[in-house]
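From first to last, the protein sequence lines are chains A and B.
Numbered by our numbering, the letters in the first sequence go through residues 101 to 434 in order.
Numbered by our numbering, the letters in the second sequence go through residues 144 to 922 in order.
Calculated from the structure, these hints are not laboratory results.
Where a beta carbon is used, it is the ideal one built from N, C-alpha and C, also for glycine.
Don't take every hint at face value.
If you only want the chain A side, here are some residues facing chain B, beta carbon under 7 Å, derived [what the hints assert, rightly or not]:
#, residue
1, THR142
2, SER143
3, ARG148
4, GLY154
5, ALA165
6, GLY208
7, THR314
8, ARG354
Pairwise CB distance ranges, derived in the manner of DEER restraints [stated by the list, open to error]:
#, chain 1, residue 1, chain 2, residue 2, range
9, A, LYS379, B, ASP186, 46 to 52 Å
10, B, LYS229, A, SER376, 55 to 61 Å
11, B, SER525, A, THR151, 30 to 36 Å
12, A, HIS419, B, ALA458, 38 to 44 Å
13, A, LYS379, B, ALA905, 50 to 56 Å
14, B, LYS237, A, ALA424, 40 to 46 Å
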Amino acid sequence: MTITPEKTRGTATTAQLPQVTEPRNPGFELDLGWVRNLRANTSAIERRAATLPGRRSIKKDHQAAWLARAITCIDLTTLSGDDTARRVERLCAKARHPVRTEILHALGLDGLTTGAVCVYHEMVPTAVNALKGSGIPVAAVSTGFPAGLSPFHLRLQEIHESVAAGAEEIDIVISRRHVLEGNWQALYDEMCQMREACGHAHVKAILATGELGTLRNVARASVICMLAGADFIKTSTGKESVNATLPVTLVMLRAIREFHERTGFRVGYKPAGGISKAKDALLYLALIKEELGDRWLRPDLFRFGASSLLGDIERQLEHHLTGAYSAGYRHAMS
Amino acid sequence: MSVKEIFESMEYGTAPESAAEALAWLVDQGDRFGHFIDGAFTDPQDGFDSRNPATGEVLAKLSQATQSDVDAAVAAARKAQPKWAKLGGHGRAKVLYALARLLQKHARLFAVLETLDNGKPIRESRDIDIPLAQRHFYYHAGMAQLMDSELPDREALGVCGQIIPWNFPLLMLAWKVAPALAMGNTVVLKPAEYTSLTALLFADISRQAGLPAGVLNIVTGDGAVGEMITAADVDKIAFTGSTEVGRKIRAATAGSGKALTLELGGKSPYIVFDDADLDSAVEGLVDAIWFNQGQVCCAGSRLLVQEPVADTFYAKLTARMDKLRVGDPLDKSIDVGAVVDPVQLRTITQMVDANTEGTRHVAACDVPEGCYYPPTLIRDLSPADALMQEEIFGPVLVSTTFRTPSEAVEIANNSRYGLAATVWTENVNLALDIAPKLAAGVVWVNATNLFDAAAGFGGVRESGFGREGGWEGLTAYTRPKTKAKPIKDTAPFTGNGAPEPGIDRTSKLYIGGKQARPDGGYSAPVWGAKGQLLGHASIAGRKDVRNAVEAATAAAGWARTTGHLRAQILYYIAENLSARADEFAARINEMTGKRDGAAEVQTCIERLFTYGAWADKFDGAVKGVPIRGVAVAMREPVGVIGALCPAEAPLLGLISLMAPAMAMGNRSVLCASETFPLAAMDFYQVLETSDVPAGVVNILSGPHADTAPHLARHLGVDAVWSFGSGALSETVEREAAGNLKRTWVNNGLARDWSKPEGEGRAFLDAATEIKTIWIPYGE
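In isolation and in its complexed conformation, chain A is listed as follows (with noise of 0.2 Å):
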């Protein structure tokens, strides 16, 4: 099935944000049939995620350029109750400069920032402060995040104010209820209204995988929030106990390959939680690469939502350019 222009909810717009150059998703009607035919084998998905490491092998020069790229796509986040303003502030110091000056400037990527940097909506007005004249967006989570249950018009005012207070990015979190009620009108609904209520801002839908139960549940709900026009989907909070993983990447990835199929649009991915370590970032990238293409390997239609991973990426890079494996202390923390 393919989805006509006059089917189309919105309308499509060039985003605001420097990196974006795609048409933002402009949303469309809820397409109940789509969602009760998604399927998702469990065991030949997880078969594929296992097997992707033995197939694909990023070394040297372009495992170093896959780093750096990785790095913009990082949103670099901090979503702890103990946050302070100066806190938030290191951290959009080290958003600007990622990784050392002499390494970036031996790879000839001087300038290279990460994607943006991703705080609670208290920590906003601290953090566009902080990055203004770097280009780097900040993206805040929103809506009751993590758990998503605070009352709806407040997870709408949520929305409103960080948007106000100068987020150019939304992640907000579904109703997990929703799904597991199979609920999927109500579901469509919230995110519509939640997509309305950023206006300019592009917004992330978090599904929370790790508490949907199925990977089938995963698929429905990428597509609804696609259909309810999110820019991006999301693995996680960060806050659940599984967090991103390669089988539920896969899953979201072919959501959003086939929505790009059927609509003509776009939707980002942003796999959240857990994802460390510099090998694994590579893995992610190649199976982007692999399910959906070099165009989703872009800022604008990917990110990292991660906090540690800059740090081995870091070392990685040193130990590219030296031979010598590097430590930790070498960089500069955030």
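Assemble the complex: chain A is given as a structure, and chain B must be docked to it using the hints.
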């Protein structure tokens, strides 16, 4: 390209595995190899080059074995065998365990050498071939350990000649060598001439495992060497390779008494139902037909897609194909490597170019110059197109669509082959309904090309016979400990008298549940021991064989009946026979001139009970395979069995073959005792009154020499058992080569039908075929 440029292009680059260690090993060996005989390498002789198909470079010079080399290897194996068997299970287990460990310790060396020699991607040799080879040795170390306790009645066959193909060189060696050695056999193995190097490396390291000299011998060379091994003084031939060569080996070993297992070609169906996870099914095809460049006997090479999803599926498939990476097999990011040899590349090219039907999609990926073939899909073919029937043995997928599940089964089974099949559906009812209906030795549900040492692998139809792996695989490397004596052919009595008083009784043939006169219109008199005329037996000819097989084929529903029902019918036959016991006893005594008729009838009744008992108890198994899922070994009836009944036991011989066949769901065409046919012909009246469906049992009389060749040659017969004259063993085995039907012959050796050797598991095994159904699960 600079890092900055790669940062923009996001290309994979190359990730070559180093060949240095493997090349150094070749240099250490002088880049020239002799054979490995009696624990040492012979001096290199004239022979042939072993090339790296990816580059065309010569890797080493190999020796072409001569007759004297083969003789020396067989003699060494023969000499070493008794001591190796006597070493005992634990002794052999230790050696096999050491072999497994050595394969593990030298895993990368084996993997790189395999890839250099064969052209398969390093990922496959490293992650699949070599680990599976290790697993086979570990698993069979365990089998050696358990042999004494679990297989107390079986012993080694002796010397096994093993001929293996070039597509999985070390893995096929492991599949053949591990079970053979575990069971106390010794081996003369010939690797394929394209790919002998890992076998030679294995021979080299086997000495470090403490494998005694002569237990494993490896001779290199082309098919001529294979013929020498086949003809040599060996007790068994195990062959994996083409159906054409398998057929020749079947004919060549006919009547020799050599055990034989054949693992041959395939054109395995890959069935995608409309409720499948299509993306996963597409990915499965990558592992099915683009695994090892499609040079896989069980490759899912024949795609069958259900009509509602066909267009979507093809779109996904072609998009996936375009992302495959073809190139240097040593590159760790390569999906499809080099075809094994330019000769094979030519074969693939010619087969594909000769096809004018369907729509061809060639993967839009870069394909290097040289021995490479692009991943190819030819869709919209019909079963009638040659490429839907013939094995291409290359990275070429052919496809058609189907409408209903039953049509999928029909198309899937419309093949001379029957090795493997793949089924994709999210509906467990559909999967478990379809899997048993597919004519294949292995069925994968929502997966493909899964292998393990614990799960039997092997085919039906022209994909060969015998299983490798699991307990069932050990049958192929052992035999019962009983020592059989030569069979004494019984001569019929002669006479010229008139029948004893009574009404003339005409014995006819029993075909399709009806008494039928022989097509030829001839009968022969049967004389009693005192020269009295007992009656006339019809002389069945080729048309009667044809009619009987037709009737048996039509009775296919018998295979789908429950074991409980079959048991009921077997007991009912026993009940009705018992009611006429005296009459049958008298008939037997009249014919044989002996007095044991009553005992024979009693044994017949017991035997019917035995198989009535077995009908619902010859269970399959669930194998402990290393996946989240199960591999179910299901016992299926062989199909239509032709049997030449022993002469010496007029009724018991017939029942001893009929009952196990029936119990397991087969239909049979039985050629009654040649010497004393009348009891068997009387017996059809018992069948007629015992609710046996028409065609399930068919009984012919007349000289076996007339019927046996037609039965053995009949392409609709799935197995032939020959327990009549020993002289027929050769005829049956030779003629059976046509469709590679299973044979079970007496090789001129006697069997006491009244003793335990006249019944039991051996008969049930022969009456069934093990199908392994892999069912991964998880939500």
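Evaluation of the provided hints:
Restraint check, THR142(A) versus chain B: the minimum CB separation of about 4 Å is within 7 Å; hint holds. Interface restraint check for SER143(A): the shortest CB-CB distance to chain B comes to about 4 Å, inside 7 Å, so the restraint holds. Interface hint at ARG148(A): satisfied, since its Cβ lies 5 Å from the closest Cβ of chain B, which is below the 7 Å cut-off. Interface restraint check for GLY154(A): the shortest CB-CB distance to chain B comes to about 5 Å, inside 7 Å, so the restraint holds.
Checking ALA165(A) against chain B by beta carbon gives a least distance of about 4 Å; that is within 7 Å, so the hint holds. Checking GLY208(A) against chain B by beta carbon gives a least distance of about 4 Å; that is within 7 Å, so the hint holds. The beta carbon of THR314(A) is positioned within 7 Å of a beta carbon in chain B (closest approach about 5 Å), and the interface hint is therefore held. The criterion of a C-beta within 7 Å of any C-beta in chain B is met by ARG354(A), whose closest approach is roughly 5 Å, and the hint holds.
At roughly 49 Å, the beta carbons of LYS379(A) and ASP186(B) sit within the given window of 46 to 52 Å. Our hint of 55 to 61 Å for LYS229(B) and SER376(A) holds, since their Cβ atoms are close to 58 Å apart. For the pair SER525(B) and THR151(A), the beta carbons lie near 34 Å from each other, so the given range of 30 to 36 Å is met. Against the hinted window of 38 to 44 Å, the Cβ-Cβ separation of HIS419(A) and ALA458(B) comes to about 43 Å, which satisfies the hint.
For the pair LYS379(A) and ALA905(B), the beta carbons lie near 55 Å from each other, so the given range of 50 to 56 Å is met. For the pair LYS237(B) and ALA424(A), the beta carbons lie near 45 Å from each other, so the given range of 40 to 46 Å is met.
Against the hints set out earlier in the document, no violation occurs for any number.
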